[in-house]
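Colleague: Each protein sequence line maps, in turn, to chains A and B.
Per the working numbering: the first sequence = residues 1 to 382.
Per the working numbering: the second sequence = residues 383 to 559.
Rather than coming from a laboratory, the hints here were simulated on the basis of the structure.
Keep in mind that this is a model prediction, so the values were computed, not measured.
From the three backbone atoms N, C-alpha and C, an ideal C-beta is built for every residue, glycine too.
Where hints are given, some of them may not hold.
[As the list claims (entries may be wrong)] Calculated lysine-lysine pairs in the BS3-like style (CA-CA distance at most 27 Å, straight line):
#1 A:Lys301 x A:Lys367
#2 B:Lys556 x A:Lys229
#3 A:Lys301 x A:Lys375
#4 A:Lys301 x A:Lys229
#5 B:Lys451 x A:Lys375
[Claimed, not checked] Which chain A residues face chain B? A few, computed with CB under 10 Å, are given here:
#6 Glu176
#7 Asn189
#8 Cys254
#9 Glu262
#10 Arg264
#11 Pro283
#12 Asp284
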Amino acid sequence: MTDTESRLRDYLQAKAATIPDDAEAPGLETPRGRSRVWTPLLAAAAVAVLIASAALVAHLHNPPVAPDPQPPGLRVPYVLTALDQQRELHDGDQVVELNENVAEVVGRVSGGWLIHFNTATSAQLGVLAADGTVRPVGPEGVTRPVLSPDHTQVAVVQGIKQVQVYDVASGRLITERTLPYEARLHETNLHGWNQAGIWASKADRDQRISQLLVWQPTTGRLTPVTPPKSVDAIDVAPQSSAIPFATTVGKQRCLTSAHLSEGRLIPGSPFCSPDATNPVVSPDGATLAVGDAVVDIRTGKRTPLQLAAAHISELPTFEDADHVLVVQALREDGRPASPMVSDGTPAEELPHATVFRCAVGSGACEKVLVAPDLKQIELIEP
Amino acid sequence: MTEPLASIGTAVPVPDDTPAAVTRLYREHWVGLVRLAVLMVDDRQQAEDLVQEAFAELYRRWPLDDSGKALAYLRTTVLNRSRSALRRRRVARLYTPPADRPGASAESEVVLGEERLEVQRALSTLPRRTREVLVLRYYLDLSHGEIAQTLGISESTARATASRGLAILTEQLKESR
Numbered sequence: 001m002t003d004t005e006s007r008l009r010d011y012l013q014a015k016a017a018t019i020p021d022d023a024e025a026p027g028l029e030t031p032r033g034r035s036r037v038w039t040p041l042l043a044a045a046a047v048a049v050l051i052a053s054a055a056l057v058a059h060l061h062n063p064p065v066a067p068d069p070q071p072p073g074l075r076v077p078y079v080l081t082a083l084d085q086q087r088e089l090h091d092g093d094q095v096v097e098l099n100e101n102v103a104e105v106v107g108r109v110s111g112g113w114l115i116h117f118n119t120a121t122s123a124q125l126g127v128l129a130a131d132g133t134v135r136p137v138g139p140e141g142v143t144r145p146v147l148s149p150d151h152t153q154v155a156v157v158q159g160i161k162q163v164q165v166y167d168v169a170s171g172r173l174i175t176e177r178t179l180p181y182e183a184r185l186h187e188t189n190l191h192g193w194n195q196a197g198i199w200a201s202k203a204d205r206d207q208r209i210s211q212l213l214v215w216q217p218t219t220g221r222l223t224p225v226t227p228p229k230s231v232d233a234i235d236v237a238p239q240s241s242a243i244p245f246a247t248t249v250g251k252q253r254c255l256t257s258a259h260l261s262e263g264r265l266i267p268g269s270p271f272c273s274p275d276a277t278n279p280v281v282s283p284d285g286a287t288l289a290v291g292d293a294v295v296d297i298r299t300g301k302r303t304p305l306q307l308a309a310a311h312i313s314e315l316p317t318f319e320d321a322d323h324v325l326v327v328q329a330l331r332e333d334g335r336p337a338s339p340m341v342s343d344g345t346p347a348e349e350l351p352h353a354t355v356f357r358c359a360v361g362s363g364a365c366e367k368v369l370v371a372p373d374l375k376q377i378e379l380i381e382p
Numbered sequence: 383m384t385e386p387l388a389s390i391g392t393a394v395p396v397p398d399d400t401p402a403a404v405t406r407l408y409r410e411h412w413v414g415l416v417r418l419a420v421l422m423v424d425d426r427q428q429a430e431d432l433v434q435e436a437f438a439e440l441y442r443r444w445p446l447d448d449s450g451k452a453l454a455y456l457r458t459t460v461l462n463r464s465r466s467a468l469r470r471r472r473v474a475r476l477y478t479p480p481a482d483r484p485g486a487s488a489e490s491e492v493v494l495g496e497e498r499l500e501v502q503r504a505l506s507t508l509p510r511r512t513r514e515v516l517v518l519r520y521y522l523d524l525s526h527g528e529i530a531q532t533l534g535i536s537e538s539t540a541r542a543t544a545s546r547g548l549a550i551l552t553e554q555l556k557e558s559r
């Protein structure tokens, strides 16, 4: 365990201990009341209220599928999460409710969307159809799914170091390979799949990436790759050979795009900034997203995105090679959300998750979606 | 030393009778869940409110399809609500000096001491998902797979987020020396 890990554990334990073991729980607060008294009588009353409201709640949660204000052209699927955590997958005109077992929407595939969902004892992949049905793909117990560049196959980790490839359409196992890792302390991680093959690694003791491998399932070739020093995270652009990675050297956080050559990752020029925390690259490998700007990897040109407010939401998502989507929190009138009370909780209105499409070349941005009803939005890579 | 929420996430059979089942969960796990929430939102009152809301939501949805997962459900709900609370707070913080952080009471600072406050400050600068992952990893000792299931993200994302978060935390702590 590193010093940072030790200090982190110590802090978390000490902070948690500020809530003493004998802290007294207040009465359970019912959804319809602010009473903090928990008695059988009030509980019974709460049950009655809740039962009475259940039908209404159910109705509200299952409305006829109403089209959300989605202008034509948003070309990525996205998940809307309501304040009560109900989730819907949107893709074009299609809307599918996600139940609580869906852990991840991996991406579009023929017949619907590949999802990773929890089973009674484990987790499994499946194809979610537009009618809400799920067709399992492969066995239970698989982890870290990554789609092939054409989305017809999916690679997963089975156990600690076995990588398997399944055909999405048939669910059939196509090939598998046990990776030649020596250490058994950490599990295999899959980073992505591009022309070179499936990129896998193990994390070493200080959680940095080590033992990087590329397995080409069509030929069976396994290529050990020497990662650059101090790599924290890598991404894989499915349609190109670009491998962007993030490093922290001294006080500098940098993103660098590299390409594979004879078992080595050959890095280009680094782009360093406090926002350079996660490698996000366009599908063609030509552009990096760095905070609220994009960088042309070949020329090094940095183009700020013309956004009204600071970028505060999730990582950017490339819609295609020429456009990047960012999510911002804005007021209903479109202005940046501003403080309304000193304790940090907006008193009058919650911000609306708003998606902007920004042109990589010019940085010009247009609003393409405002999540309805204060829902949160998660964009899925196309 | 505080005991981590060892039983959270494990299958705990509960009676079918809703008030009794939820009441028992409430009595047994209220403190643990408030501890989890306070690690996320850094404010005891808000943490208690979030846990109250989580139990109210559990009550509304009872019975769950798998009542043995009630604690896991509560944990996820607490984290989801913590996330919403932090998101609202972060929106405001973009335009306000960060000096008035809730929960930074004098009492808390005395209990934690300077060394731990350094960690607290460094942790508070991380993105919320990174913070969630690190809390789940280093307080609850969850595996990356369990973290992924709790947060609804992929295991690779959980792993990468933990790795990146730890690296940034290390740098932050070096800078604070």
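Colleague: Decide, hint by hint, whether the structure agrees.
Modeller: Comparing the hints with the structure gives:
no.	hint	result
1	A:Lys301 x A:Lys367	24 Å, holds
2	B:Lys556 x A:Lys229	19 Å, holds
3	A:Lys301 x A:Lys375	35 Å, violated
4	A:Lys301 x A:Lys229	25 Å, holds
5	B:Lys451 x A:Lys375	25 Å, holds
6	Glu176	18 Å, violated
7	Asn189	5 Å, holds
8	Cys254	12 Å, violated
9	Glu262	26 Å, violated
10	Arg264	22 Å, violated
11	Pro283	18 Å, violated
12	Asp284	22 Å, violated
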